[in-house]
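Full structure from sequences and hints, please.
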Amino acid sequence: MNQPLPIKEIEMAKEFKRDLVQLAKKAPHLFVHPRYLEVMHCLTNGLALPAEYKNHPLKNNLKGYMDCHILNDLVLIYKIEQQCLKLVRLNTHSEVFA
Numbered sequence: 001m002n003q004p005l006p007i008k009e010i011e012m013a014k015e016f017k018r019d020l021v022q023l024a025k026k027a028p029h030l031f032v033h034p035r036y037l038e039v040m041h042c043l044t045n046g047l048a049l050p051a052e053y054k055n056h057p058l059k060n061n062l063k064g065y066m067d068c069h070i071l072n073d074l075v076l077i078y079k080i081e082q083q084c085l086k087l088v089r090l091n092t093h094s095e096v097f098a
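With this note's numbering applied, the sequence shown corresponds to residues 1 to 98, in that order.
One or more of the hints may lead you astray.
Unchecked claim - Capping the alpha-carbon separation at 25 Å, the derived lysine to any residue pairs in SDA-like fashion look like this:
no., residue 1, residue 2
1, K25, K63
2, K79, M66
3, K63, Q82
4, K25, N72
5, K17, L30
6, K25, K8
7, K59, K26
8, K63, P28
9, K26, Y53
None of these hints come from the bench; they were simulated from the model.
Predicted model only: the values in this text are computed from it and were never measured.
Listed below in structure tokens is the structure:
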């Protein structure tokens, strides 16, 4: 069995940075929420996300990206390529897929 490879680099898309600023104003407690911390820990350490996060690949224009549900209506869109975690969006389902 292959050992998971930890992430060596993290890239944040412009939209992800904008989402962070918006969420920091609306819900600053989110960034210390156990579910957010668990998702980031798993992703940065090359670990599979638990099933409760409903992690799944996206289709159409977001093919190749993943979607996980941190909270009921808070989704993270990301991609992992060659030990690089690319964070694309972190917002409500309606904001991300509008």
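Quick rundown of the hints versus the structure:
| no. | hint | verdict |
| --- | --- | --- |
| 1 | K25 x K63 | violated, 31 Å |
| 2 | K79 x M66 | holds, 6 Å |
| 3 | K63 x Q82 | holds, 17 Å |
| 4 | K25 x N72 | holds, 19 Å |
| 5 | K17 x L30 | holds, 15 Å |
| 6 | K25 x K8 | violated, 29 Å |
| 7 | K59 x K26 | violated, 30 Å |
| 8 | K63 x P28 | violated, 31 Å |
| 9 | K26 x Y53 | holds, 22 Å |
Going through the hint list in order, the structure does not satisfy hints 1, 6, 7 and 8.
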